[in-house]
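Using the supplied hints, reconstruct the complex from the two chains, each of which is provided in its own coordinate frame.
The listed protein sequences derive, respectively, from chains A and B.
Numbering-wise, numbering that gives the first Met the number 0 puts 12 at position 13 of the first sequence, and it's gapless, one number per residue.
Numbering-wise, numbering that gives the first Met the number 0 puts 242 at position 243 of the second sequence, and it's gapless, one number per residue.
Since the hints were derived computationally from the structure, they do not count as laboratory data.
Even glycine gets a Cβ: it sits at the ideal position worked out from N, Cα and C.
Heads up, a few of these hints could be off.
Output of the computed footprint for chain A on chain B, the stretches with three or more beta carbons under 8 Å from beta carbons of chain A [to be verified]:
hint, segment
1, 45-58
2, 236-243
Derived, one-sided and incomplete: chain A residues facing chain B with beta-carbon distance under 7 Å [as the list claims (entries may be wrong)]:
hint, residue
3, ALA76
4, PHE77
5, ARG78
6, ALA79
7, THR170
8, TYR251
9, GLY253
10, ALA260
11, SER399
12, GLU407
13, GLU410
14, LYS411
15, LEU413
16, GLN414
17, THR440
18, ILE441
Each chain, written out:
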Amino acid sequence: MKRRTLLAGSAAVTALPFAQARAAERTRIVWWHAMTAALADQITRIADEFNKSQDTVELQAVYKGGYADTMNAAIAAFRAGQAPHLVQVFEVGTGTMINAPGKVVKQVWELSKETGIALEPKNYIGAVRGYYSLPDGRMASMPFNSSTAVLWYNKDAFKKAGLDPEKPPVTWPEVVKAAQAIKAANAAAIPMTTSWPTWIQLEQFSALHNLPFATKSNGFEGLDAELVFNSKHHVTHVQRLLDMAKDGTFKYAGRDNAPDAILYSGDAGITFGSSSSRGTLVKTAKFDFGTGLLPYDPDIIKAPMNSIIGGASLWTMTAPGRTPAEYKAVAQFLQFLARPEGDALWSQNTGYVPVTFAGFELTQKQGYYDKNPGADLAVKQLARGSTTANTKGLRLGNLSEIRNIIQEELEKALQGGQTAQAALDSAVTRGNKVLRAFQKTIKA
Amino acid sequence: MDRRTVFGGWLLPVLLVLPQLLLTGFFFYWPAGEAVWSSMTSQDAFGEGVRFVGWDNFAELLADPLYLESAVRTVVFCGAVSILAMGLALALAVFADREVRGRHAYRTLLIWPYAVAPAMSAVLLLFVLDPRVGLLGRWLNRMGLDWDYHLNGNQALLMVVMASAWKQVSYNFIFFLAGLQSIPRAVTEAARMDGAKGWHRFRTITVPLLAPTTFFLLVVNLVYAAFDTFGTINALTHGGPGKDTETLVLKVFRDGVVNQDIGSSSAQSVILMLGVIALTAVQFRFLGRRTET
Numbered sequence: 000m001k002r003r004t005l006l007a008g009s010a011a012v013t014a015l016p017f018a019q020a021r022a023a024e025r026t027r028i029v030w031w032h033a034m035t036a037a038l039a040d041q042i043t044r045i046a047d048e049f050n051k052s053q054d055t056v057e058l059q060a061v062y063k064g065g066y067a068d069t070m071n072a073a074i075a076a077f078r079a080g081q082a083p084h085l086v087q088v089f090e091v092g093t094g095t096m097i098n099a100p101g102k103v104v105k106q107v108w109e110l111s112k113e114t115g116i117a118l119e120p121k122n123y124i125g126a127v128r129g130y131y132s133l134p135d136g137r138m139a140s141m142p143f144n145s146s147t148a149v150l151w152y153n154k155d156a157f158k159k160a161g162l163d164p165e166k167p168p169v170t171w172p173e174v175v176k177a178a179q180a181i182k183a184a185n186a187a188a189i190p191m192t193t194s195w196p197t198w199i200q201l202e203q204f205s206a207l208h209n210l211p212f213a214t215k216s217n218g219f220e221g222l223d224a225e226l227v228f229n230s231k232h233h234v235t236h237v238q239r240l241l242d243m244a245k246d247g248t249f250k251y252a253g254r255d256n257a258p259d260a261i262l263y264s265g266d267a268g269i270t271f272g273s274s275s276s277r278g279t280l281v282k283t284a285k286f287d288f289g290t291g292l293l294p295y296d297p298d299i300i301k302a303p304m305n306s307i308i309g310g311a312s313l314w315t316m317t318a319p320g321r322t323p324a325e326y327k328a329v330a331q332f333l334q335f336l337a338r339p340e341g342d343a344l345w346s347q348n349t350g351y352v353p354v355t356f357a358g359f360e361l362t363q364k365q366g367y368y369d370k371n372p373g374a375d376l377a378v379k380q381l382a383r384g385s386t387t388a389n390t391k392g393l394r395l396g397n398l399s400e401i402r403n404i405i406q407e408e409l410e411k412a413l414q415g416g417q418t419a420q421a422a423l424d425s426a427v428t429r430g431n432k433v434l435r436a437f438q439k440t441i442k443a
Numbered sequence: 000m001d002r003r004t005v006f007g008g009w010l011l012p013v014l015l016v017l018p019q020l021l022l023t024g025f026f027f028y029w030p031a032g033e034a035v036w037s038s039m040t041s042q043d044a045f046g047e048g049v050r051f052v053g054w055d056n057f058a059e060l061l062a063d064p065l066y067l068e069s070a071v072r073t074v075v076f077c078g079a080v081s082i083l084a085m086g087l088a089l090a091l092a093v094f095a096d097r098e099v100r101g102r103h104a105y106r107t108l109l110i111w112p113y114a115v116a117p118a119m120s121a122v123l124l125l126f127v128l129d130p131r132v133g134l135l136g137r138w139l140n141r142m143g144l145d146w147d148y149h150l151n152g153n154q155a156l157l158m159v160v161m162a163s164a165w166k167q168v169s170y171n172f173i174f175f176l177a178g179l180q181s182i183p184r185a186v187t188e189a190a191r192m193d194g195a196k197g198w199h200r201f202r203t204i205t206v207p208l209l210a211p212t213t214f215f216l217l218v219v220n221l222v223y224a225a226f227d228t229f230g231t232i233n234a235l236t237h238g239g240p241g242k243d244t245e246t247l248v249l250k251v252f253r254d255g256v257v258n259q260d261i262g263s264s265s266a267q268s269v270i271l272m273l274g275v276i277a278l279t280a281v282q283f284r285f286l287g288r289r290t291e292t
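Chain B on its own, in the form it takes in the complex (with noise of 0.2 Å):
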């Protein structure tokens, strides 16, 4: 069925689409424009001595091993962060599917913490963590258990990364709940008269059915995880102890913002929208096929 609208002239189709093009414009070409100049200037913090550099900063940075641990270490950060989020959120929302008394009530909690600002989030686990101020920290100490994610670089990585991913549960969760609930009852009950068990049922039938949402998912996590975690890890950590908890998007900060090196941040911003732009094709590929078949 071919539901394609044909125009009379071009005035009225542009100006349709013109406010999208416009907001676009303004909200991403230009400062991404903007990034991409500033990537290859050298400049101080005021802006009155620009000098056009060319590659200079990229390739200063491809040369710093620091700027390639750091690299490693967002790639390690985001697929923790991925799969820990989405696990928890899919086996939550395996339960919340079934009949129990006062599912609503749960599905509603667990949406919760997706309201709560990444900052905030933070400033809640630090009470909650901390090794002197905070309750399960303190506790843990007593127990014997030496934690302090201010010297430990892995206690550190550990708690980033159950934040970060706590953060992004819920909004798997709401996800995955619907792609249960669009998978056909009959399909389920017709492997249920052929005998198939709980867990043959889940790997056969729920997963394959499941899979565009999980591939759909896996990518915003994934961006989620690279970008979004800014506010949480600068709260918690500042990137430390060490560079331990530094992944990319916080070095873009601390070079742009508090070292005022213009040049260098905006590389690797331009760095970072690369991987995103390859990232957003990778998705449309796969599930644009997906959902033609």
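Okay, chain A solo, but in the shape it has when bound (with noise of 0.2 Å):
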């Protein structure tokens, strides 16, 4: 027994010199991403099938951190000359990529034009593709992990509250009243709570109801836009929020996805929650989850527009001395990453959705929608009518900041310190003031 782990090391050691021999012909390329656990296996799966796959690119996956830490990383990087050949960008961080100066990065259009591989924009989902595009079209950043927001819920809850737990509310009023059952029932120790509060009560809804979330189509035709989330249906939709938690129906429950603790202990009755939660609620969670769509509010609109996306795409990136087929490989990377079998395997092993229609129909083919249901409402909601200036994204440069006000005058606003107008006022104010900043910056 010994000896054969002996023989078989000792193997290993001489056919080493041989495999790096091989990898050194090879066009090595380096990509940044910030997966963890589950989601970093996958991209290394990923990095493995492309590199089997053919024999001229060595592709290496590096975890870099968080999604803000892989970005700060990579800026660091590019001002060391250093800047790896793909960088996984979370999608607030487009408008500042989209924005840099000069040649930091080489977007898709010019990379497939330079390189004669083609990278068909049109194969994309609409919804996606929008917040990764020029305003012609031509794509800047290649789309990746996309997910949307949904609405997830306790049947358990449901059940107790003595509401239909195959029927999710479908508007504000509806959700309004579900929440209030499930208070007065005591069916669930939150009745209504939501994850990432700027993305889906403020992003998402503007989209939904086909609302601007600011000037220049959601910043799109210029650096000069202005927000104005602070218009009347904003407005009322806070105040909704505002009441329902005086009244105990709604509980905040912090920044970002600090939420999604309580979606997936089930003590919410009602969570609005990221689509790509669906992979650690299958594995964990201990009670009945249901999924529907974002609700929205039939006193603006009839039938709701798309929702938009969450998550993140990649950039190729310049370093001095970077040649021709390093570029050609990223190139070659790219459009791998596109086969639908690619696409399909990746969102069903994740929980993000599949970003290009081929990719969606093979999942829908091999039956994945049918043993998962609800599993294919992110992708009809997203991909739902046709895409308007209002539902294609938001290209704000300094986006993650913007949030970060928008947090804290809701919280103020939460804690009775301000009414709904008068943060909603503030968090504009303020937020200009970034967006201005941000315009000088790029023009210096």
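Have a look at this one:
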């Protein structure tokens, strides 16, 4: 037994130099990503599959910390002339990356033109493509992991409250009524909560109701965009949340995705959260969970528009001395990523939505949505209708800071320190300051 | 007694000092110089368009009411953390200085929290204090106390003050204990013979003799509260709710790292650096004088 492992070991040692020699002939490219746990395993799988699929390129995937850390690391590396070939940047970083001066990044259309490798925008689902494209439709970065927001609900709590567990609320008045029923029956510790308060209750809300979040097509058409999410309809919605908080039917549970813990524990009757929570729910939920589309307000719109995405895309970065062969290798990998079977597998293994039409159809054909009822809601919600200037997403510099500001002002309003109108007005004023500062640095 | 060494030439002394000079140069003067330079520029995240703007960043900061609010908050926070951490440590040190069984075990246990990384201690505290997931947090709510630091600014501030102070108690404890042990027994015993009672003894003998230690610790604690609490606060509240727990160093991080506004962030760092220089100067002046006499 011992001898055998020894032999195997020595075989591996002798084989190693050959493997390295072969790898040395290949063009090496590096991909920085921000995925952890099960998602990181999927990244490794993709890298392995790509490296096995051809023998000219060697892709190395490197974990660089959370989304913000990864982006900061890439920016610092660029400043030092050591940028990775590819970096995964979260959707709120898109404004910063797309406005990067000079030759910091090579946008997808540019890469495709230079290398002659086709990377077709039309293969991608509109709401996904739009977020990462220039106003004229040329793609700037490669869509990768995309999710959207959905409604999650606890079927057990619905039953206890006398609500139909197969019928999640569709409109906001129905949500309010359901939350009241849950509270009255004490069916869940928390009747309703929301993850990503800004992304879901303001950004998604604007898109669904075809309301502008900012001028200039939400910033797609110019750096001089101004925030306008303090309109009458936005105020009505935030006031609704404040009222619900007051009578105990809505519980604010923290910034960004901090409230996810409540979703997973089943303490909430209704939670608004990312569609990519599905993976964790399937694995860990000790309650019967259901999912529905994001609710809309029938007073504002009769048929809601598409929702917008969250997640991240891949940016090609430049560095001094980078060769055309390396860019070609990057393009080859991006093309590999876009294969329907790869897209479908990634989506099914992670809970993110397929980003290509073909990937979605393949997933459908493979029967995944039949076996996992509700998993297709996210894609359907993203792809319904045709996108307008208000539903393509947001293209605002320093969006993460603007999100922070909005959360701060909401928190002040929830403490009773200010009205819904005052909170949104103040967030708009402070947010506009951030936008102007960003505009100034870009023009410099 | 003169203990000065006289070197024959200048080469050897320079060589001897050189390693320290290099270290200081590389790890202090260079980065500090960079910060001062960046504080007078406006630049995009990628550093492609750097523009000299003079004092603009400083002027903007000082005209920003949110920055001034943050400064006041930081002073209050530092004061609260220092008083709490030093008060607790002094009390513990006085008790641990007595002849009690197993006092070595107490002392060791009291030093432990110092070894816990700030982010780690914050995560541990979340498990205890979170209003919905934490043990104590849930219990408080069940008892009818409306505990929710996600939304109550005062509760959030109280929480970060306690969390930050808890980490520093150990450090203060070690110094206070050493200070207490260096007080000559003869003095205390003489006072006892003169009939001075416990509290009186403590006030008239222990406190004055501990003054140098106390003053040193005050400076260290203020600096700790101003800078090293970043990890704890960031992990516990991210500066929220609203801006209720955002201290200056948190704002430096948020503007520089999250917001990629290198100019303003550097200006804030420079202001903080001036603060530390001032504190250190005060410390040298006072402590220097004390040890001379």
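Quiz item: Minimum Cβ distance from ALA79 of chain A to chain B below 7 Å?
Solution: 10 Å, violated
Self-check item: Restraint check, 7 Å cut-off on beta carbons, for THR440 of chain A near chain B
Solution: Check passed: Cβ of THR440 of chain A comes within 4 Å of chain B, closer than 7 Å.
Practice problem: Go through the hint on ILE441 of chain A and say holds or violated, using the shortest Cβ distance to chain B against 7 Å. | Solution: 6 Å, holds
Quiz item: Against chain B, with CB atoms and a cut of 7 Å, does the hint on GLN414 of chain A hold up?
Solution: 6 Å, holds
Quiz item: Count the residues of the segment 236-243 of chain B with a beta-carbon closer than 8 Å to any beta-carbon of chain A: does the count reach three?
Solution: holds (count 5)
Practice problem: Have a go at the ALA76 of chain A hint: is there a Cβ in chain B nearer than 7 Å to its own Cβ? | Solution: This interface hint is violated because 11 Å lies over the 7 Å limit.
Practice problem: Hold the hint about LEU413 of chain A up to the distance rule: shortest CB distance to chain B must be less than 7 Å. | Solution: 5 Å, holds
Quiz item: Taking 8 Å as the C-beta cutoff, is the stated coverage of the segment 45-58 of chain B by chain A satisfied by three or more residues?
Solution: holds (count 6)
Quiz prompt | Closest C-beta approach of ALA260 of chain A to chain B relative to 7 Å, hint status | solution = 6 Å, holds
Self-check item: Agreement of hint GLY253 of chain A with chain B interface, Cβ distance less than 7 Å
Solution: 5 Å, holds
Exercise. Closer than 7 Å between Cβ atoms is the bar; does SER399 of chain A clear it against chain B? Give me holds or violated.
Key: 6 Å, holds
Quiz item: Taking the least C-beta to C-beta distance, is GLU407 of chain A closer than 7 Å to chain B?
Solution: 5 Å, holds
Hint compliance for this structure: hints 3, 6 and 7 are not met, and every other hint is.
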